[in-house]
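Here the protein sequences come in this chain order: U and R. Under the numbering used here, residue 359 is the last one in the first sequence; the count climbs by one each step, no gaps. Under the numbering used here, residue 359 is the last one in the second sequence; the count climbs by one each step, no gaps.
Since the hints were made in silico from the structure, they are not lab data. Any given hint might turn out to be false.
As the list makes no split between identical chains, a pair holds if one copy fits it or if it spans any two.
[Said to hold, decoys possible] Pairs of lysine-lysine, BS3-like flavour, derived with a Cα cap of 30 Å:
id : residue 1 : residue 2
1  : 263       : 132
2  : 323       : 132
3  : 265       : 132
4  : 276       : 342
The chain contents come next:
Number of protein chains: 2
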Amino acid sequence: MPTRSQSEADKVAASGFAEVYEPVKPYLEELDVFLQSQVALLEPEIQEHVRYVFGHSGKRLRPMLVAYSGWQGPAANSTAELVRLGSIIELVHLATLVHDDILDEADTRHRQETAAKKFGPAAAVLIGDVLFSHALKLAAEFPTTEVCRVVAQATARVCAGEIAQTYQRGEVNYSRDFYYRVIQLKTAELFEVACALGAKVAGYSDAFSEAAGAFGRHLGIAYQIFDDLVDLYAEESMIGKTLGTDLEKGKFTLPLLLLLEKVEPAERDDLLARFRSGDTSVVDDFTRRLHDFPIFEEVVGVFEAELAKATDAVAPFSELAPVSEMQKIAGLVRAQLSRLPAAAQ
Amino acid sequence: MPTRSQSEADKVAASGFAEVYEPVKPYLEELDVFLQSQVALLEPEIQEHVRYVFGHSGKRLRPMLVAYSGWQGPAANSTAELVRLGSIIELVHLATLVHDDILDEADTRHRQETAAKKFGPAAAVLIGDVLFSHALKLAAEFPTTEVCRVVAQATARVCAGEIAQTYQRGEVNYSRDFYYRVIQLKTAELFEVACALGAKVAGYSDAFSEAAGAFGRHLGIAYQIFDDLVDLYAEESMIGKTLGTDLEKGKFTLPLLLLLEKVEPAERDDLLARFRSGDTSVVDDFTRRLHDFPIFEEVVGVFEAELAKATDAVAPFSELAPVSEMQKIAGLVRAQLSRLPAAAQ
Numbered sequence: 015m016p017t018r019s020q021s022e023a024d025k026v027a028a029s030g031f032a033e034v035y036e037p038v039k040p041y042l043e044e045l046d047v048f049l050q051s052q053v054a055l056l057e058p059e060i061q062e063h064v065r066y067v068f069g070h071s072g073k074r075l076r077p078m079l080v081a082y083s084g085w086q087g088p089a090a091n092s093t094a095e096l097v098r099l100g101s102i103i104e105l106v107h108l109a110t111l112v113h114d115d116i117l118d119e120a121d122t123r124h125r126q127e128t129a130a131k132k133f134g135p136a137a138a139v140l141i142g143d144v145l146f147s148h149a150l151k152l153a154a155e156f157p158t159t160e161v162c163r164v165v166a167q168a169t170a171r172v173c174a175g176e177i178a179q180t181y182q183r184g185e186v187n188y189s190r191d192f193y194y195r196v197i198q199l200k201t202a203e204l205f206e207v208a209c210a211l212g213a214k215v216a217g218y219s220d221a222f223s224e225a226a227g228a229f230g231r232h233l234g235i236a237y238q239i240f241d242d243l244v245d246l247y248a249e250e251s252m253i254g255k256t257l258g259t260d261l262e263k264g265k266f267t268l269p270l271l272l273l274l275e276k277v278e279p280a281e282r283d284d285l286l287a288r289f290r291s292g293d294t295s296v297v298d299d300f301t302r303r304l305h306d307f308p309i310f311e312e313v314v315g316v317f318e319a320e321l322a323k324a325t326d327a328v329a330p331f332s333e334l335a336p337v338s339e340m341q342k343i344a345g346l347v348r349a350q351l352s353r354l355p356a357a358a359q
Numbered sequence: 015m016p017t018r019s020q021s022e023a024d025k026v027a028a029s030g031f032a033e034v035y036e037p038v039k040p041y042l043e044e045l046d047v048f049l050q051s052q053v054a055l056l057e058p059e060i061q062e063h064v065r066y067v068f069g070h071s072g073k074r075l076r077p078m079l080v081a082y083s084g085w086q087g088p089a090a091n092s093t094a095e096l097v098r099l100g101s102i103i104e105l106v107h108l109a110t111l112v113h114d115d116i117l118d119e120a121d122t123r124h125r126q127e128t129a130a131k132k133f134g135p136a137a138a139v140l141i142g143d144v145l146f147s148h149a150l151k152l153a154a155e156f157p158t159t160e161v162c163r164v165v166a167q168a169t170a171r172v173c174a175g176e177i178a179q180t181y182q183r184g185e186v187n188y189s190r191d192f193y194y195r196v197i198q199l200k201t202a203e204l205f206e207v208a209c210a211l212g213a214k215v216a217g218y219s220d221a222f223s224e225a226a227g228a229f230g231r232h233l234g235i236a237y238q239i240f241d242d243l244v245d246l247y248a249e250e251s252m253i254g255k256t257l258g259t260d261l262e263k264g265k266f267t268l269p270l271l272l273l274l275e276k277v278e279p280a281e282r283d284d285l286l287a288r289f290r291s292g293d294t295s296v297v298d299d300f301t302r303r304l305h306d307f308p309i310f311e312e313v314v315g316v317f318e319a320e321l322a323k324a325t326d327a328v329a330p331f332s333e334l335a336p337v338s339e340m341q342k343i344a345g346l347v348r349a350q351l352s353r354l355p356a357a358a359q
């Protein structure tokens, strides 16, 4: 579930997001210049590796959230502080991806070879460590300890999510509580921090920073739930891979958890027993049974409720420049639903 | 060379260091209580792993340096700040050991199974990440960003040392510059930070903090050079393993570098060619040839010069409480030489 397959949602979302990328394009360009400038500060032996990771690493969603939460109009947005903050959060995100790919023994991400595959797992350990420690160095350049504290805490939480997920494999924890705990830690945490610190560093009040954090958290959860839907309800041609990949990797996404709640205990126990025994044909049974229940609709309901919580969180601050932009982002995430095949809906 | 075989020096040094451990015993006990209390703050799934690492992790040399550099007399030394600082530096140190053991595919450390061996490399990636991020969280609890900045920087440098070392393997860089660069990064850096921040956090002046940092740096280099001597000149019974293990791991320690400078170019090229081709009998030739030159004496000279630089650095501050303690530590490190067999001397 989480970070692992975000790339799938990314692919589906790509063109749909052009509208939100446009206003922060100058910011994202400066961010890339800044990230590239940091490579030169690393040990010569590792620069090529880090450059590779920067060049094959998705769409800078988290820095984009930094830019929007600290939004002060098109001209004023690329302050050095916001660029540094976005870079810090992106570095932490990339570090966790590089290490996650070692754990998952993943060969590709964003249709490119992972660092673990290209340079070997040992190098990937070091690349992740360098990205982490460089992020914290940059965080310590802010005048107060707040950025450092929040970023270190978020890093610890993202790790915690990976730990929870790694150690449940084989044992299968299919409670919704566990599902929410993992996506909160692995995905929503950095979305939340990007928004809360973006607002803070741009000089907005603590009250708005907190609201922006809540916006980021719920947007992150919604984003992850959309990712779950893509894995099970998209058309294969659209995402360039077979459906149900999350389950093959042992990840019980929200639609699957709902299915397990709906079938009779005997069927549930049978499905889980076959899953545990490594019977791969169980994936087809799961996906077939999904369509016997109104699960898609229920998951969409949860997805929309999260988006509503996101927009509600910042609604009281509608006089502030970032809010209309943030509402737009939430709207675009909601609009992604229409990109799923009508059959699912 | 560096961290990898510090445990060997630790073993030899163990009893000789009792004298410096005694005064800071209450501090080290509080440190262990603090570290154990931190375990409960981590994700339940990883607590057992972290407890294992804490329980099999050497002698808390770096926290000891924190306590001595911030020394204010026996009663006043276990302040919460110094305990937290010592814990932060120990956590970073342990994180790097856990990750290094993945890279080195090491099975044992301090005669115990490494985390990578006991829990598998994937778990070891996560354990290291958790230790790193928890260290930085604690660092951000200090009132200013200084501890965070210095610790993040030191973490980046320790990684850089591991990178430099990892990537030279196979290529064999046998310059002294490269040797010093690696031990500066991998060993001396955390010794320096322990001393500089220990003095700072205890309220001593910037000037003394800087001097204490220089003390730590040179002490760290000396400590590493002593470790090099142990690997080649100790008696096998004393260290419980074969001599020349560093070279077997591809690590050119100072005595070996000096040997390569002293033999004729033809012999040097032959030794290196055989080393590169994986001819393991070359280790015996290296160790045999060592005794044909006064290399032991020369290395001892370098070792003593580093200790002199360490004590000189803090000498101008002799009125401060920490200094006589720090000089004592340097004296005890020097005294370790007498523990090597007379044959070597």
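Status of the hints after comparison with the structure:
no. : hint      : verdict
1   : 263 / 132 : both (21 Å within a copy, 24 Å between copies)
2   : 323 / 132 : neither (41 Å within a copy, 44 Å between copies)
3   : 265 / 132 : both (25 Å within a copy, 25 Å between copies)
4   : 276 / 342 : neither (35 Å within a copy, 71 Å between copies)
In this structure, the earlier hints numbered 2, 4 are contradicted, and the remaining ones agree with it.
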